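A.B. asks: One letter stands for each residue in the lines below.
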Amino acid sequence: MENKEPIIEFQQVDLSFGSTKVLNKIDLALDAGKFYTLLGPSGSGKSTILKLISGQLQADSGEILFEGQRINHLPAEKRRVNTVFQNYALFPNMNVFDNVAFGPKLKGLSKDEVRLKVETMLSLVKLADFSNREINELSGGQQQRVAIARALANDPEVLLLDEPLSALDYKLRKDMQQELRTIQKRLGITFVFVTHDQEEALAMSDWIFVMNDGVIQQNGTPEDIYDEPINHFVADFIGESNIVKGIMKSDYLVHFVGKDFINVDAGMRPEERVEVVIRPEDLDLTTIENGKLVVTIEDQSFRGDFYEITAQDDDGNQWQVQATNSATIGERVGLTFDPEDIHIMRFNESENDFDARLERYEE
Amino acid sequence: MLVNKNKFSFTRLTFYSTYGLWLLLFVIAPLMLLLWQSLVGSDGHLTLQNYQTFFVSGTYLTMAFNSVWYAFIITAVTLLISYPAAYIINSLKYKQFWLLLIILPTWINLLLKTYAFIGILAKTGPINQLAESLGLGTHQLLFSDWSFIIVAAYIEIPFMILPIFNSLTDIDPVLEQASRDLGANRWQTLKNVIWPLSLPGVKSGIQAVFIPSLSLFMVTRLIGGNRVITLGTAIEQHFLVTQNWQFGSTIGVVLIIAMVITMLLTREK
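Here the protein sequences come in this chain order: D and F.
Mind the numbering: the first sequence is residues 1376 to 1738 in my numbering, read in order.
Mind the numbering: the second sequence is residues 2 to 270 in my numbering, read in order.
So here's chain F without its partners, still in its complex pose (with noise of 0.2 Å):
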């Protein structure tokens, strides 16, 4: 029994020590870095420079604005595609198939897709020459808002629909037919059964978009044409351009901050 309980705390040690030292060097250090840094001025001294500079100066808070306004817009276009396309998967007969059918463009390469639509959207594309068909004319479908918008949508709509149509899934279909003979219609059993026993997917679904969403920057820069300019380009072209370290780190916690907000707004009870 001790031998046992030895070995497995020996396992449990191994485990937890691989573990954490995986979580310091790539999690904990590297945040600790970006902290550091964002505290640095440029003459390497500890400052709030930075924060100051970012809070005060009126482009980087419409940016950060931006950010969370697009990222919103975004997540709510995805919903309000991935729910209804989730709940009809689910009462498919071979719903395994079509969800595989969902996600199998998330193995393709992020910066191909976005390619793809440029192809798509651009003026000599399909669609542009579908509307010259029909008599409407062409049309500059790229570097707009709402093409960054539906790109950026397409993108997300996998990660939305695997956690709701997961949480729909587990929905005891009774449940439905329950309600159904308790005199609610179909309208009436989604509102008060199935969207209330769905909101962990759709809340998981959420976390998963908005996130992402806050710092997208090669969507921003192909389809907006650096049009939209969120935090996500702000930070790259700190990093990549301007080589302004210390202020892109800013930038990054500052995004981190509201990260953490939106899992604390969107968490389990």
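Next up, chain D with everything else stripped away, as it sits in the complex (with noise of 0.2 Å):
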């Protein structure tokens, strides 16, 4: 990329609600044509970054950049951004037409200029002959079609998206998570997208902002933040994991459940307390000569491509393991892992040394 300047900035971005802080001296910056996800539970502050960006909230402190240029007090109507509604927001007063003309309208096309505009939209998102339909007349699905023509018939340098698929069925969610990136790559613009849905996340995105409480807890690319969660929150939201207590005993040495393990992480104080995350994909079940780990199997369910197990150490910790093959409850068995399946989480770890510490001791 040439182009250096992020096309968004936020520095130092402090929002409150009375006495709520919303938002917590939020740093980030975005580069323009790539894909991000704002993802957090409810009340983390991603929609309300995603407000801050389009100009619907002020900032109480801190810059936000466009470009370079502050866009702190600029109206919405003069960003260059535009916004996929979580409830679509389509005019119930307009037809499919008039809803994605709304924008060139305003901007002073000419009527052809606006129907070559509504109509190239319209295909985009593969609604071609819907255009005189009114807005009642339409599926959930199709009226979200609808609002992500009317945001990009706009031509946004951004175009935010707030948990827009949160209301579709599995299936169909699962179609426009792969026809929104495929627009995105189309039209090579910035999608800042919000969801609560990690798996979305993890599917759609270039990079991820993991939120909770108003404060950016993490951000990377989708496997950065599965292989190598910070902290406990960003374990624990992002996809299934084991925690357990530990203690680094030295440079790729970790003590957890009374035993020594060989690991790939290191830069911590020697005889440091941690907490260790193993996934339970990285699980194998194997037998109890060859388990690093004793579990008895509790509880098993069949998910289709694999079995849910539920087992416990004798230290009492839960295991969770995701196995091929199934297993019996009441059983013991080993559970076997690899070195690098064993990821360390240092306790309230900044992000800056996190990264710091992760590119010294990387290969």
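If you're looking for bench data, these hints aren't it; they were derived computationally from the structure.
Please read these numbers as outputs of a predicted model, since none were measured by experiment.
Each hint should be verified, as a subset may be incorrect.
[Said to hold, decoys possible] If you want a taste of the chain F side facing chain D, the calculated C-beta under 10 Å gives, among others:
(1) T54
(2) L176
(3) A179
(4) R181
(5) R187
(6) Q189
(7) V194
[Claimed, not checked] With a straight-line Cα cutoff of 30 Å, these simulated DSSO-like cross-link-like pairs (lysine-lysine) come out:
(8) D/K1396 x F/K96
(9) D/K1482 x D/K1560
(10) D/K1426 x F/K192
(11) D/K1486 x F/K192
(12) D/K1396 x F/K94
[Claimed, not checked] Covered, in the sense of this in silico footprint (three residues per stretch, anywhere, with C-beta under 8 Å from a C-beta of chain F), are these stretches of chain D:
(13) 1406 to 1419
(14) 1475 to 1483
For each residue, glycine too, the CB sits at the ideal point set by N, CA and C.
Two chains, each in its own frame: build the complex with the hints.
C.D. replies: In structure tokens:
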């Protein structure tokens, strides 16, 4: 990317509603042309960030920049961003055509230009024949598409999507995820997608910001965030996790569940108390002799492509295992995993320190 | 199941018969009587004489025109004040409280309010006193077209604000945000999104104001000083003064037709 300047930048942005702090010193930088996701539970502040970018809300303090220009107080209609609202917010008094034509008409395009724009956008979202339909004649999925077409018809530099897929059923949601990704790649503009669905975030994004309590907990590629969660919250929120307490004896040696294990993490103080994460899919069932841990099977459910197994070790820790072969409840089995499957999280490590440490110790 | 159904239809029967009887006695019968009266001449025979008089004599046509014209102006003035008022109230934090303040005056007797205005607008009233102290002199405010229109609008404003306010409250605020997001400023949002979506309220407001305004007679008498003579005044005169019930009924029927036309013009699609 030649243009190094971020398209959107937040510097120390604070926002409170009354006595509730919604955003706490948010710093972020978005590059043009990427698919970003703000991921977090409800109330984490992710939609608030979107509203600050679109101009629906004003920050209490801090800077919001668009291509380097401060836009803190620029009214929404003057920003080169558009929003796909959670419940679509289509104008019920207008048909599909007029909804999509709303922005282009305001820009003062000629009748033919408006028509062309609307037709292009409607065919982009595969609703070319729906131009004359009324909004209340459309299904939820179709309304969703109209909302996307309407937002894109304004040629935004950045498209903001506020949990747009949450009202759709599973199958439709999967299709729309694919389609949104395709549209984003095709148009090459920046998408900022807000969701509480970690699977959705992992599937669609170039870059994810994980948020909780008005703070960005971690940001990175989906792989980074999944493989190297920075803290308990991220590990727990993204995917399934087994998290146990441990002690980092020295670099590349961690102690947990009464044993020492070789691992690939380093850079902590000797004997530092840490949390250890092992993903359920990284654990395999084996014989007791071959097992690094010995557990008793407590529960098992069939999930189609794997068995979801819950087991307990002799220290009383619960272990989630995703196994391809089934087990018997009550049976004692061994659990095995590789050194690189062990991920260590320090308590209260900042994202900067975390990144710096990883950089130093990664081969 | 069958028992239930019978019981249900019994309830329905009681309800409909009571309602039907009410409708018959207090709505249909009076209307029929009115129509009948209007078709009876002074000699007691059926005739269209009354209607002929109404439509041929210039006086009544002028009166009819006056009624419609003043009702139109009152409605327009009321709408002009009420829409922004409803819009602002809807954007306030304690909107129900402000709305209550608007509605409160409707609890006061109409005649009392009208008399209050006589006091306010009189030569010795507060408005003239203020004008006097500002060196603007004393003016005749009562018994003019404008005092009539202002007082009538004052009386009608709550009936216009209420339906407009209700339709504005029903509009999802996110639509306003969406409009701004798509590049519309406040004014364009009001014009393209809010106004069209609040039209049902505007229409009911117009109905609620225009129709009663057609037949105002108390305000025309007390504030307009009978300088403004509308059909309402004429009906009152014929029933109470000249005792010509037949002709009073004729004007009544014409007014009802005018009202029906108004309803048809402002009805929901």
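A.B. asks: Hint by hint, note whether the structure agrees.
C.D. replies: These are the hints, each one checked on the structure:
1. Checking F/T54 against chain D by beta carbon gives a least distance of about 47 Å; that is not within 10 Å, so the hint is violated.
2. At about 6 Å, the closest approach between the beta carbon of F/L176 and any beta carbon in chain D falls short of 10 Å, and the interface hint on this residue holds.
3. Because the beta carbon of F/A179 sits about 4 Å from the nearest beta carbon in chain D, less than 10 Å, this interface hint is met.
4. Interface restraint check for F/R181: the shortest CB-CB distance to chain D comes to about 4 Å, inside 10 Å, so the restraint holds.
5. Proximity of F/R187 to chain D holds as hinted, the smallest CB-CB distance being about 9 Å (cut-off 10 Å).
6. About 6 Å separates the beta-carbon of F/Q189 from the nearest beta-carbon of chain D, less than 10 Å, and the hint is met.
7. Hint status for F/V194 relative to chain D: holds, with the closest Cβ pair at about 6 Å, below 10 Å.
8. Our distance criterion of 30 Å between C-alpha atoms is met by D/K1396 and F/K96, whose separation comes to about 27 Å.
9. For the proposed pair D/K1482 and D/K1560, the alpha carbon gap of about 25 Å is at most 30 Å, so the pair holds.
10. Between D/K1426 and F/K192, the direct Cα distance comes to roughly 24 Å. Compliance with the 30 Å bound is thereby established for this hinted pair.
11. Of the pairs offered as hints, the one joining D/K1486 and F/K192 holds, with about 20 Å between alpha carbons and a cut-off of 30 Å not exceeded.
12. Restraint check for D/K1396 and F/K94: satisfied, since their Cα atoms lie roughly 22 Å apart, inside the 30 Å limit.
13. With a threshold of 8 Å between beta carbons, the proposed coverage of the stretch 1406 to 1419 of chain D by chain F is violated, since 0 of its residues qualify and at least three are required.
14. Counting residues of the stretch 1475 to 1483 of chain D whose C-beta lies closer than 8 Å to any C-beta of chain F gives 4; at least three are required, and the coverage claim holds.
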